[in-house]
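S.K.: Please arrange chain B on chain A, whose structure you already have, making use of the hints.
From first to last, the protein sequence lines stand for chains A and B. The opening position of the first sequence corresponds to residue 75 in our numbering, with each subsequent residue numbered one higher. The opening position of the second sequence corresponds to residue 75 in our numbering, with each subsequent residue numbered one higher.
Honestly, the hints are just simulated from the structure, not real lab data. Even glycine gets a Cβ: it sits at the ideal position worked out from N, Cα and C. Incorrect hints may appear among the rest.
Derived Cβ-Cβ restraints for the label pairs, each shown as a range [stated by the list, open to error]:
{"#": "1", "chain 1": "B", "residue 1": "A81", "chain 2": "A", "residue 2": "D423", "range": "45 to 55 Å"}
{"#": "2", "chain 1": "B", "residue 1": "A140", "chain 2": "A", "residue 2": "D423", "range": "30 to 40 Å"}
{"#": "3", "chain 1": "A", "residue 1": "D423", "chain 2": "B", "residue 2": "G459", "range": "46 to 56 Å"}
{"#": "4", "chain 1": "B", "residue 1": "E322", "chain 2": "A", "residue 2": "A371", "range": "44 to 54 Å"}
{"#": "5", "chain 1": "B", "residue 1": "R437", "chain 2": "A", "residue 2": "D175", "range": "26 to 36 Å"}
{"#": "6", "chain 1": "A", "residue 1": "N78", "chain 2": "B", "residue 2": "A140", "range": "41 to 51 Å"}
{"#": "7", "chain 1": "B", "residue 1": "P434", "chain 2": "A", "residue 2": "R243", "range": "51 to 61 Å"}
{"#": "8", "chain 1": "B", "residue 1": "G459", "chain 2": "A", "residue 2": "A288", "range": "27 to 37 Å"}
{"#": "9", "chain 1": "A", "residue 1": "A280", "chain 2": "B", "residue 2": "G369", "range": "35 to 45 Å"}
{"#": "10", "chain 1": "A", "residue 1": "A435", "chain 2": "B", "residue 2": "A140", "range": "26 to 36 Å"}
{"#": "11", "chain 1": "B", "residue 1": "N106", "chain 2": "A", "residue 2": "R443", "range": "27 to 37 Å"}
{"#": "12", "chain 1": "A", "residue 1": "R416", "chain 2": "B", "residue 2": "L216", "range": "36 to 46 Å"}
Away from chain B, derived, C-beta distances all over 12 Å, residues of chain A [to be verified]:
{"#": "13", "residue": "A81"}
{"#": "14", "residue": "A206"}
{"#": "15", "residue": "A288"}
Number of protein chains: 2
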Amino acid sequence: MAVNLTAPQAQALFPVAGVRLGTAQAGIRKANRKDLLLIALDEGTRVAGVFTRNRFCAAPVLVARAHLEAGEEIRALVVNTGNANAGTGEGGLRAARATCDETARLLGSRPGQVLPFSTGVIMEPLPVERIATGLPACIADLQAANWLSAAEAIMTTDTVPKAASRRIRVGGSPVTVTGIAKGAGMIHPDMATMLCFVATDAAIGAAPLRAALAHAADHSFNSITVDGDTSTNDAFMLIATGRAGNREIASETDAQFTALRDAITDVASELAQTIIRDGEGATKFITVRVERGAGRAECRKVAFAIAHSPLVKTAFFASDPNLGRILAAIGYAGIDDLDVSRLELYLDDVRVASGGGRDPAYREEDGQRVMRRSEITVRVVLNRGTASATVWTCDLSHDYVTINAEYRT
Amino acid sequence: MAVNLTAPQAQALFPVAGVRLGTAQAGIRKANRKDLLLIALDEGTRVAGVFTRNRFCAAPVLVARAHLEAGEEIRALVVNTGNANAGTGEGGLRAARATCDETARLLGSRPGQVLPFSTGVIMEPLPVERIATGLPACIADLQAANWLSAAEAIMTTDTVPKAASRRIRVGGSPVTVTGIAKGAGMIHPDMATMLCFVATDAAIGAAPLRAALAHAADHSFNSITVDGDTSTNDAFMLIATGRAGNREIASETDAQFTALRDAITDVASELAQTIIRDGEGATKFITVRVERGAGRAECRKVAFAIAHSPLVKTAFFASDPNLGRILAAIGYAGIDDLDVSRLELYLDDVRVASGGGRDPAYREEDGQRVMRRSEITVRVVLNRGTASATVWTCDLSHDYVTINAEYRT
Numbered sequence: 075m076a077v078n079l080t081a082p083q084a085q086a087l088f089p090v091a092g093v094r095l096g097t098a099q100a101g102i103r104k105a106n107r108k109d110l111l112l113i114a115l116d117e118g119t120r121v122a123g124v125f126t127r128n129r130f131c132a133a134p135v136l137v138a139r140a141h142l143e144a145g146e147e148i149r150a151l152v153v154n155t156g157n158a159n160a161g162t163g164e165g166g167l168r169a170a171r172a173t174c175d176e177t178a179r180l181l182g183s184r185p186g187q188v189l190p191f192s193t194g195v196i197m198e199p200l201p202v203e204r205i206a207t208g209l210p211a212c213i214a215d216l217q218a219a220n221w222l223s224a225a226e227a228i229m230t231t232d233t234v235p236k237a238a239s240r241r242i243r244v245g246g247s248p249v250t251v252t253g254i255a256k257g258a259g260m261i262h263p264d265m266a267t268m269l270c271f272v273a274t275d276a277a278i279g280a281a282p283l284r285a286a287l288a289h290a291a292d293h294s295f296n297s298i299t300v301d302g303d304t305s306t307n308d309a310f311m312l313i314a315t316g317r318a319g320n321r322e323i324a325s326e327t328d329a330q331f332t333a334l335r336d337a338i339t340d341v342a343s344e345l346a347q348t349i350i351r352d353g354e355g356a357t358k359f360i361t362v363r364v365e366r367g368a369g370r371a372e373c374r375k376v377a378f379a380i381a382h383s384p385l386v387k388t389a390f391f392a393s394d395p396n397l398g399r400i401l402a403a404i405g406y407a408g409i410d411d412l413d414v415s416r417l418e419l420y421l422d423d424v425r426v427a428s429g430g431g432r433d434p435a436y437r438e439e440d441g442q443r444v445m446r447r448s449e450i451t452v453r454v455v456l457n458r459g460t461a462s463a464t465v466w467t468c469d470l471s472h473d474y475v476t477i478n479a480e481y482r483t
Numbered sequence: 075m076a077v078n079l080t081a082p083q084a085q086a087l088f089p090v091a092g093v094r095l096g097t098a099q100a101g102i103r104k105a106n107r108k109d110l111l112l113i114a115l116d117e118g119t120r121v122a123g124v125f126t127r128n129r130f131c132a133a134p135v136l137v138a139r140a141h142l143e144a145g146e147e148i149r150a151l152v153v154n155t156g157n158a159n160a161g162t163g164e165g166g167l168r169a170a171r172a173t174c175d176e177t178a179r180l181l182g183s184r185p186g187q188v189l190p191f192s193t194g195v196i197m198e199p200l201p202v203e204r205i206a207t208g209l210p211a212c213i214a215d216l217q218a219a220n221w222l223s224a225a226e227a228i229m230t231t232d233t234v235p236k237a238a239s240r241r242i243r244v245g246g247s248p249v250t251v252t253g254i255a256k257g258a259g260m261i262h263p264d265m266a267t268m269l270c271f272v273a274t275d276a277a278i279g280a281a282p283l284r285a286a287l288a289h290a291a292d293h294s295f296n297s298i299t300v301d302g303d304t305s306t307n308d309a310f311m312l313i314a315t316g317r318a319g320n321r322e323i324a325s326e327t328d329a330q331f332t333a334l335r336d337a338i339t340d341v342a343s344e345l346a347q348t349i350i351r352d353g354e355g356a357t358k359f360i361t362v363r364v365e366r367g368a369g370r371a372e373c374r375k376v377a378f379a380i381a382h383s384p385l386v387k388t389a390f391f392a393s394d395p396n397l398g399r400i401l402a403a404i405g406y407a408g409i410d411d412l413d414v415s416r417l418e419l420y421l422d423d424v425r426v427a428s429g430g431g432r433d434p435a436y437r438e439e440d441g442q443r444v445m446r447r448s449e450i451t452v453r454v455v456l457n458r459g460t461a462s463a464t465v466w467t468c469d470l471s472h473d474y475v476t477i478n479a480e481y482r483t
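Pulled out of the complex, with its shape left as it was, chain A reads as follows:
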């Protein structure tokens, strides 16, 4: 059901010096599928991360955040699918810590140098002994060229593996940015992807690395929504190995910072959009762009009101230009002083509404023509300022219900 989405080619995913990846079939939930990923990092690597804001965040999120904050140099990330280790209380924390312990033991590092990640069913005990049994196979498999295999290992309801890669020059040095992500439901702002790992070989300080991560997250995973549900496990990790040979980027004002930040954002944005194209049951890829607002926050409010509306989403599924539903969503987005008579609504190139109602030149067949497309841009012009925001979403189909009604069976 994915919308204009094909699996990435392994050779298009450039290795990142200092990063090796290995996978295994650990049988965590189902037999005969890759469900365990180990990312091993060379010495001298910096890692920054953003995590779900869900108060019921999963045990691995608590442990990974604590390990990052403690400031030890991170040497490994361990990711399992099949079980989210969320809503699992103290036992879940013990399981997440045991995963770090065992990984550290095998790699000869300390537990605080390992970050654990889990995704899958909530509120079931994590079979940590299966992870321990699978880890040696991951280690034996470690290779710099394993990005596609790694993307496959973290899939759950995803229909295709998700990976993206760029090569740029930073201050004369060739720099690589490569990332993988997984997620097809429970996608929401402030924690959009379920899991995303992006690595670069650029040399960059800890503060600008965090700034680049925040910018990339804001313009990628925090700008997508499938169903408005915020996961307990979402995490976006940015890794910088410093092996590219560029002079280290020391701050956000460094001339080289913007080029690297934009390449990272580009990879993250491609991965985020890939998640929407693979949204559970998605048949259409919808870009919602809100322009000329008084601020970015209100533009995002309007964009997400549209992108979250089940009525709007089912209308897209049906290719039905029932566009009053979009006006209704704009109306309840929460801008108290919105003057609806001033705004304009466009569907791709077609102006649908103006002057508080249907545009005089709008014809139903024009709306119908656009609605039949598999990729559609909804553009709202608020005409009350200079800010804008873009959000990506998909339609709501029968298959969304089917997938989520049968997920555990």
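M.R.: Chain B alone, transformed into the frame defined by chain A:
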């Protein structure tokens, strides 16, 4: 698909002295169906109303609100289905005013004494001439006993007419409260029903009438959700004819106020729950009760996070006790200092979660047993205060998608 819902019996809907109702087939959108309702009020009647907070509110909402605020005695309410007269700009306002003009002309009153209401498709011009043509038939049909017929006339995607009635004693006098409502989608707090009209023959002052309305709305229509979409047209009108013979209730501190307010709330609550039972595609009726919160507002936040979650709603549809989804929704409800280790989650009588995870005594088959029921109570005990809130919702089924994908066809 309605959940444990049958059409009301005409004889169970007690007439309200001073209120007469008449319907007609005006052919507003489709031929051969009742789509126009006139409610005529005797002299001396008071009317209070609450309306949608959607900024894109419909033309009739703007006109009805203006007429109420102007303070003229209201003598008639006109309701059409088939067309919402929303997103229709200046032309829509003219159409709503023309409806009032024509009704006033026929009844010998002033246009400011008429309140217009519309429901149906958004952003299409209201065929006001068909309303004008239909009004004489409504007038010819005016009767005090027409409540069921009136409920039928305002249906859109509703599968059964919605009406409720109570008789109580207020200060020794028999008092009647009877109401009708319509709505099955676009149901959301702060204007849940699309349309609801409740009338009583009690004598009550303007201020306590408004207070009773606010209380009833808060505990009924503002406590239900089908899909989180807030309509452009929602309105809840409370009519008091003063014909019951009770001494007029002058203020909220009047000893008789509470009895009347509770009867009105009772009727409104029954109508609101009926809307959920008839929720688009609903197969289950879900009560979400949040207890022992620090305040009612945070209890409502948690209850609506659960009630809005598409993942939770599809799990109910599938009778799948995938209850981690409920924990996730509690976690993202927006209580920043929530201690998840203290809360308890119950499904009917079964304790599912405690101590931040699955309850030690919980067994999957107990959850499964409850999930198969058609009426289920989700109870969250926050253990951080004394406040509580209750919200009603339904599951998200294939039929929700089908109904909303095909609404206009």
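S.K.: Given the range 27 to 37 Å, decide if the beta-carbon distance of G459 of chain B to A288 of chain A lies inside it.
M.R.: Between G459 of chain B and A288 of chain A, where Cβ atoms are some 34 Å apart, the hint holds.
S.K.: Given a hint of 30 to 40 Å, does the C-beta separation of A140 of chain B and D423 of chain A actually sit inside it?
M.R.: 37 Å Cβ-Cβ, so the 30 to 40 Å window holds.
S.K.: Are P434 of chain B and R243 of chain A spaced within 51 to 61 Å by their CB atoms?
M.R.: The hinted range 51 to 61 Å holds for P434 of chain B and R243 of chain A, with Cβ atoms some 58 Å apart.
S.K.: Is the distance from the Cβ of N78 of chain A to the Cβ of A140 of chain B consistent with 41 to 51 Å?
M.R.: Given range 41 to 51 Å: holds, Cβ gap about 49 Å.
S.K.: When you look at the beta carbon of A288 of chain A, is every beta carbon of chain B farther off than 12 Å?
M.R.: Nearest chain B Cβ is 19 Å from A288 of chain A, so the label holds.
S.K.: Determine whether the Cβ-Cβ distance between D423 of chain A and G459 of chain B falls within the hinted range of 46 to 56 Å.
M.R.: holds (53 Å)
S.K.: A range of 27 to 37 Å was offered for this pair. Does it hold for the Cβ distance of N106 of chain B and R443 of chain A?
M.R.: Distance hint for N106 of chain B, R443 of chain A holds at roughly 33 Å.
S.K.: Determine whether the Cβ-Cβ distance between R437 of chain B and D175 of chain A falls within the hinted range of 26 to 36 Å.
M.R.: The hint (26 to 36 Å, Cβ to Cβ) holds, given that R437 of chain B and D175 of chain A are roughly 31 Å apart.
S.K.: Would you assess whether A206 of chain A, listed as outside the interface, keeps its beta-carbon beyond 12 Å of every beta-carbon in chain B?
M.R.: holds (21 Å)
S.K.: Range hint 45 to 55 Å: satisfied by the CB atoms of A81 of chain B and D423 of chain A?
M.R.: holds (48 Å)
S.K.: Per the hint of 26 to 36 Å, is the separation of the Cβ atoms of A435 of chain A and A140 of chain B within bounds?
M.R.: Once the Cβ atoms are compared, 30 Å apart, the range 26 to 36 Å for A140 of chain B and A435 of chain A holds.
S.K.: Minimum Cβ separation between A81 of chain A and chain B greater than 12 Å?
M.R.: holds (26 Å)
The structure fails none of the hints (numbered hints given earlier).
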